[in-house]
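Q: Just so you know, the protein sequences line up as chains F and W, in that order. For the first sequence, the working numbering gives the first residue as 36, with consecutive numbering after it. For the second sequence, the working numbering gives the first residue as 36, with consecutive numbering after it.
Check before you lean on any hint, since a few could be wrong.
Which copy is meant is left open, because identical chains are indistinguishable; a pair holds if it fits in one copy or across any two.
Said to hold, decoys possible - Computed cross-link-like contacts, DSBU-like style, restricted to lysine-lysine with a CA-CA straight-line distance of at most 35 Å:
1. Lys-285 x Lys-237
2. Lys-203 x Lys-224
3. Lys-220 x Lys-128
4. Lys-230 x Lys-110
5. Lys-115 x Lys-230
6. Lys-115 x Lys-343
7. Lys-284 x Lys-207
8. Lys-284 x Lys-116
9. Lys-343 x Lys-87
10. Lys-224 x Lys-285
11. Lys-116 x Lys-220
12. Lys-237 x Lys-187
13. Lys-224 x Lys-321
14. Lys-110 x Lys-207
15. Lys-224 x Lys-128
16. Lys-128 x Lys-285
17. Lys-115 x Lys-284
18. Lys-116 x Lys-230
19. Lys-343 x Lys-110
20. Lys-220 x Lys-115
21. Lys-87 x Lys-115
22. Lys-224 x Lys-116
23. Lys-321 x Lys-284
24. Lys-224 x Lys-115
25. Lys-284 x Lys-343
26. Lys-110 x Lys-237
27. Lys-115 x Lys-285
28. Lys-128 x Lys-110
29. Lys-285 x Lys-321
Bear in mind the hints are in silico, worked out from the structure with no lab data behind them.
Now for the letters of each chain:
There are 2 protein chains.
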Amino acid sequence: MMNIGIDVMGGDYAPDAVIEGSVDSLGHISQDETLVLIGDEPTILRKLEDMKAASSMFRIVHTSEVIEMADHPAKAFSQKKDSSIAVGYTMLKNGQLDGFCSAGNTGAMLVGASYTVNVIPGVFRPALATLLPCVDGRDSVILDVGLNPDCKPDVLLQYGILGSLYAKFVLKIDNPTIGLLNIGKEETKGTPSVKAAYELMKEHPGLNFIGNIEGHDMFNENVPDVVVCDGFVGNIVLKEAEAIYFLFKKRNLSDPFFDRLNYESIGGTPIVGINANVVIGHGISKRTAIMNMILQTRDVVRANLAQKIIEAI
Amino acid sequence: MMNIGIDVMGGDYAPDAVIEGSVDSLGHISQDETLVLIGDEPTILRKLEDMKAASSMFRIVHTSEVIEMADHPAKAFSQKKDSSIAVGYTMLKNGQLDGFCSAGNTGAMLVGASYTVNVIPGVFRPALATLLPCVDGRDSVILDVGLNPDCKPDVLLQYGILGSLYAKFVLKIDNPTIGLLNIGKEETKGTPSVKAAYELMKEHPGLNFIGNIEGHDMFNENVPDVVVCDGFVGNIVLKEAEAIYFLFKKRNLSDPFFDRLNYESIGGTPIVGINANVVIGHGISKRTAIMNMILQTRDVVRANLAQKIIEAI
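Throw the hints in and build the complete structure from the sequences for me.
A: Written out as structure tokens, the structure reads:
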């Protein structure tokens, strides 16, 4: 039995969009997977009734408090003990959940990750790992996309290892290729930290390191299965792709590849390097994005990514 | 009289594409502007004859050596004294040229910038400033896009000033807006260097600083006239846009905005902060890109950007 916890109260369109996305997910999960809706029970039951969805298809855990999007993360997390985020993390810690996802207050989700389930011993810094579509049909993992704006070389090396585990166990890629995002192919290019990371990655046994890749390699056949960068660069690369997708839609263009830049089809961003399977969704997630966040959490849970990292690090 | 020097021997498609682009430029420049073709004279004359273009429309300066794309920049620049790049810089220094452009060996162009015409006193680090299209029809200046991967806060502040002068004098924008590319709107976001740069920019008199912008602000109405970032981030942002344009064309899509992402329509990247007007073109420049590189050099020369920076710094 797998229990996947969902923060019903988190996100700009919560709780409606979260419940809708949860109902949509039912058709994609297997018999031994249970969706655990965490939030205000009367609201959940009313919405399910409106949707003519049987509440017996879910497990519902009532919570009485809500961490709002604008709340101060650490304060809200410690003070609102009966919020959906705090309860979700407690259930994760106690083994009542195998994974947890939320499109709510990202800061509070990160606080919960650090203070409740903790960083895996040996992991220097957890990262946010997301997927970027590639024109050849693959998805590539890019990390970090926002947790650590300034990364030391050993942290970048470890991101290569963490990303590699993600690609291997969640995306089922044998011997995934790893590249370092840089401003030139030559190993002498880049900041001192990136240059040193190149040396470390080149010499690390078992890492399928292909060297530096550049911005123009993104999205095409040259992009490796895992792209390593600091959280400053990764965040900007990801959001630039969002800007492109937004303009693409605004200008009424349509194309199967560019449509894959839609964050809604990606769903969420796992926090890799903590002692639990946690996925963070985009605050603006609507019904489809929520469904994909839940299914991505399911994939991470099926792979048991956190445990794989514990065993490897 | 304005003399614009063109490195005929530089670029993947040199000398043919450079001569073709030079001929195409003639229809766009004014009577008092002279294009000075620097390269192998017999080759230039033969090509002009093939094109049925009058050689009298140009000034031709013969050079006997070529700095190849793969040459070691500093070595080639000091050893090949009669190369088109070395001669171009000498002419710039002696006042025989008002501007110089090349799609050739970028490293050699940068060596020439530092050793022949020199950095403007008071400028910490020169930058490469390029234009990114905005969906509302504007172009925004982004700098640095590759010279300085690691920037201290005072360098980022100065990039704001240099970019502002570029926007004001070359793009003719009154009181241009300046933004700092970051991973969040709040002033507490980003690396220590970017956070400190925010403070410096906020307090700098006369700088129309609008605060942080994010990756998803790129290309849309929110993007300021000048985007400041270090050369690592700027290079990746620029090349990601190139990747997008390349895929857009490969997938046979067409749209007036996305077509503006074509590097060919931008032409080149001025080196700002040196004692001369120098523009570097993309190595893969063909005929149209070369023409736009020349016309952009003409715009920089007309604005006399280098002199404006000398007066302002």
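Q: Now, for every hint given, state plainly whether the structure supports it.
A: Hints versus structure:
1. Proximity of Lys-285 to Lys-237 under the C-alpha cut-off of 35 Å is restricted to the inter-copy arrangement: shortest distance 33 Å between copies versus 43 Å within a copy.
2. Proximity of Lys-203 and Lys-224 under a CA criterion of 35 Å is satisfied in both settings, with 29 Å inside one chain copy and 32 Å between copies.
3. With identical chains, the CA atoms of Lys-220 and Lys-128 are at most 35 Å apart between copies only, with a shortest distance of 33 Å across copies and 43 Å within one.
4. For the homomeric pair Lys-230 and Lys-110, the shortest alpha-carbon distance between copies (23 Å) is at most 35 Å, but the shortest distance inside one copy (39 Å) is not.
5. Taking identical chains as interchangeable, the C-alpha atoms of Lys-115 and Lys-230 lie at most 35 Å apart only when they sit on different chains, with a minimum of 30 Å there against 44 Å within one chain.
6. In the homo-oligomer, the alpha carbons of Lys-115 and Lys-343 lie at most 35 Å apart inside one protomer (32 Å), although the nearest pairing across protomers, at 57 Å, exceeds that limit.
7. When the C-alpha separation of Lys-284 and Lys-207 is checked against a cutoff of 35 Å, the pair qualifies both within a copy, at 31 Å, and between copies, at 31 Å.
8. Neither within a single protomer nor between protomers do Lys-284 and Lys-116 lie at most 35 Å apart by alpha-carbon distance, with minima of 41 Å and 53 Å respectively.
9. Taking the shortest alpha-carbon separations for Lys-343 and Lys-87, neither the intra-copy value of 39 Å nor the inter-copy value of 69 Å comes in at or below 35 Å.
10. For the identical chains of this complex, Lys-224 and Lys-285 are inter-copy neighbours only, at 29 Å across copies versus 37 Å inside a copy, given an alpha-carbon limit of 35 Å.
11. Taking the closest pair of Cα atoms, Lys-116 and Lys-220 come within 35 Å of each other only across two copies (29 Å); inside a single copy the shortest separation is 50 Å, beyond that limit.
12. Taking the closest pair of Cα atoms, Lys-237 and Lys-187 come within 35 Å of each other both inside a single copy (16 Å) and across two copies (29 Å).
13. In this assembly of identical chains, Lys-224 and Lys-321 lie within 35 Å of each other by CA distance solely across copies; the values are 26 Å between and 41 Å within a copy.
14. Taking identical chains as interchangeable, the C-alpha atoms of Lys-110 and Lys-207 are never at most 35 Å apart, the minima being 39 Å within one chain and 48 Å between chains.
15. For the homomeric pair Lys-224 and Lys-128, the shortest alpha-carbon distance between copies (30 Å) is at most 35 Å, but the shortest distance inside one copy (43 Å) is not.
16. In this assembly of identical chains, Lys-128 and Lys-285 lie within 35 Å of each other by CA distance neither inside one copy nor across copies; the values are 43 Å within and 49 Å between.
17. Taking the shortest alpha-carbon separations for Lys-115 and Lys-284, neither the intra-copy value of 39 Å nor the inter-copy value of 51 Å comes in at or below 35 Å.
18. In this assembly of identical chains, the alpha carbons of Lys-116 and Lys-230 lie at most 35 Å apart only when taken from different copies (33 Å versus 44 Å within one copy).
19. Taking identical chains as interchangeable, the C-alpha atoms of Lys-343 and Lys-110 lie at most 35 Å apart only when both belong to the same chain, with a minimum of 32 Å there against 50 Å between chains.
20. Proximity of Lys-220 and Lys-115 under a CA criterion of 35 Å is satisfied inter-copy only: 26 Å between copies versus 49 Å inside one chain copy.
21. For the homomeric pair Lys-87 and Lys-115, the shortest alpha-carbon distance inside one copy (32 Å) is at most 35 Å, but the shortest distance between copies (80 Å) is not.
22. Taking the closest pair of Cα atoms, Lys-224 and Lys-116 come within 35 Å of each other only across two copies (27 Å); inside a single copy the shortest separation is 48 Å, beyond that limit.
23. Taking the closest pair of Cα atoms, Lys-321 and Lys-284 come within 35 Å of each other both inside a single copy (16 Å) and across two copies (31 Å).
24. In the homo-oligomer, the alpha carbons of Lys-224 and Lys-115 lie at most 35 Å apart only across protomers (25 Å), although the nearest pairing inside one protomer, at 47 Å, exceeds that limit.
25. Taking the closest pair of Cα atoms, Lys-284 and Lys-343 never come within 35 Å of each other, the shortest separation being 38 Å inside a single copy and 41 Å across copies.
26. Taking the shortest Cα distances, Lys-110 and Lys-237 sit within 35 Å of each other only across copies (29 Å), while inside one copy they are farther apart (42 Å).
27. Within a single copy, Lys-115 and Lys-285 get their C-alpha atoms no closer than 39 Å, and across copies no closer than 52 Å, so neither meets the 35 Å cut-off.
28. In this homomeric assembly, Lys-128 and Lys-110 come within 35 Å of each other (Cα to Cα) only inside a single copy, at 20 Å, whereas the closest approach across copies is 61 Å.
29. In this assembly of identical chains, the alpha carbons of Lys-285 and Lys-321 lie at most 35 Å apart whether taken from the same copy (18 Å) or from different copies (31 Å).
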